[in-house]
Amino acid sequence: MLGAIAGDIIGSVYEFDAHKTKDFPLFTDQSTFTDDTILTVAVADVVLHGGGYGDAFKRFYRFYPNPCGGYGARFQRWAAAAQGEPYNSWGNGAAMRVSPVAYAHQTLEAVLQAAKQTAIVTHNHPEGVKGAQATAAAIFLARQGQSKPAIRQYVEHQFGYDLSRTLNQIRPGYTFNESCQQTVPEAITAFLESTSFTDAIRNAVSLGGDADTLTCITGSIAEAFYGEVPEAISDRVWSILDERLKTLIVQFKAAHMPLLNA
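Residue numbers are given in my numbering: position 204 of the sequence shown equals residue 204, and the series is strictly consecutive.
Keep in mind that the hints were calculated from the coordinates and are not lab data. Here the structure is a predicted model, which means the values were calculated and not measured. Just so you know, even glycine gets a beta-carbon here, dropped at the ideal spot from N, CA and C. Don't take every hint at face value.
What the hints assert, rightly or not - Lysine-lysine pairs mimicking DSS-like chemistry, simulated, CA-CA at most 25 Å apart: (1) Lys253 / Lys22; (2) Lys116 / Lys253; (3) Lys116 / Lys58; (4) Lys148 / Lys22; (5) Lys148 / Lys116; (6) Lys22 / Lys246.
To be verified - Across the chosen pairs, the derived CB separations fall in these ranges: (7) Ala232 / Gln83: 40 to 48 Å; (8) Ser234 / Thr175: 24 to 32 Å; (9) Ala18 / Arg77: 22 to 30 Å.
Please model the complete structure; the sequences and the hints are all you need to start from.
Encoded structure:
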């Protein structure tokens, strides 16, 4: 889960920058967590303590209102409403927040079902559900020790995403996009072409799209595949998070992260 959060914080300053190179500082004075981190921790809170995902998302929205949250407009309207029906979104928010469920279950089938549940309270469009499930599946397979070719094959076969394009082919024409359809495949490709956790993050930012969400998704898979987030990165992330978020991350890691590569 920390890999997703690190990706969010690193990508936060490049979200609207259309950065097209891997040469950039990982952190600046403006680096911060966004809705990607907030809602990821909200999912972890439900995994740890029970309750409904919709209620948790609304509660964390109240804890971290805009501008800190940086939520999408439709999510913000939903979260601010006393009641709220799912709004049929195919946005990449379904994929950015899903990583905790990939550590909370011991079968791929259970992970896919749990990923669907995190999505459908807001992102009940089939593409929104698919984005969450594909991300969670890639994390689960990575923490189970599956190879990159095996992860690629599963995602392509199960979800129909095109993972044949290289980053060099994607990068020139890629622009800011908030859909699962044009974020999740690119984020997975950034992981597949990486040589380390840090390289995966640099790959994702270099695409120049919705950087914090791309890096959040890529980072969540890269952490599961490569192991712990590098200490220099995790230390900086830890210094940026507040006590509520840190407490829940510690609790989740104690409860579920020993399952890494189990």
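> Would you say the C-beta atoms of Ser234 and Thr175 sit inside 24 to 32 Å of each other?
Replying inline: holds (31 Å)
> When you check the alpha-carbon spacing of Lys116 and Lys58, does it fall within 25 Å?
Replying inline: holds (18 Å)
>> Hinted pair, alpha-carbon criterion (25 Å max): Lys116, Lys253. Please report holds or violated.
In response: holds (22 Å)
> Would you say the C-beta atoms of Ala18 and Arg77 sit inside 22 to 30 Å of each other?
Replying inline: Once the Cβ atoms are compared, 27 Å apart, the range 22 to 30 Å for Arg77 and Ala18 holds.
> Lys253 and Lys22: Cα distance at most 25 Å?
Replying inline: violated (30 Å)
> Between Lys22 and Lys246, does the CA-CA distance stay at or below 25 Å?
Replying inline: violated (29 Å)
> CA of Lys148 to CA of Lys22, is that 25 Å or under?
Replying inline: Roughly 21 Å between the alpha carbons, so the hint for Lys148 and Lys22 holds.
>> Need the status of pair Lys148, Lys116: alpha-carbon distance at most 25 Å?
In response: holds (24 Å)
>> Between the beta carbons of Ala232 and Gln83, is the distance compatible with 40 to 48 Å?
In response: holds (45 Å)
Of the hints listed earlier, those the structure fails to meet are numbers 1 and 6, in rising order.
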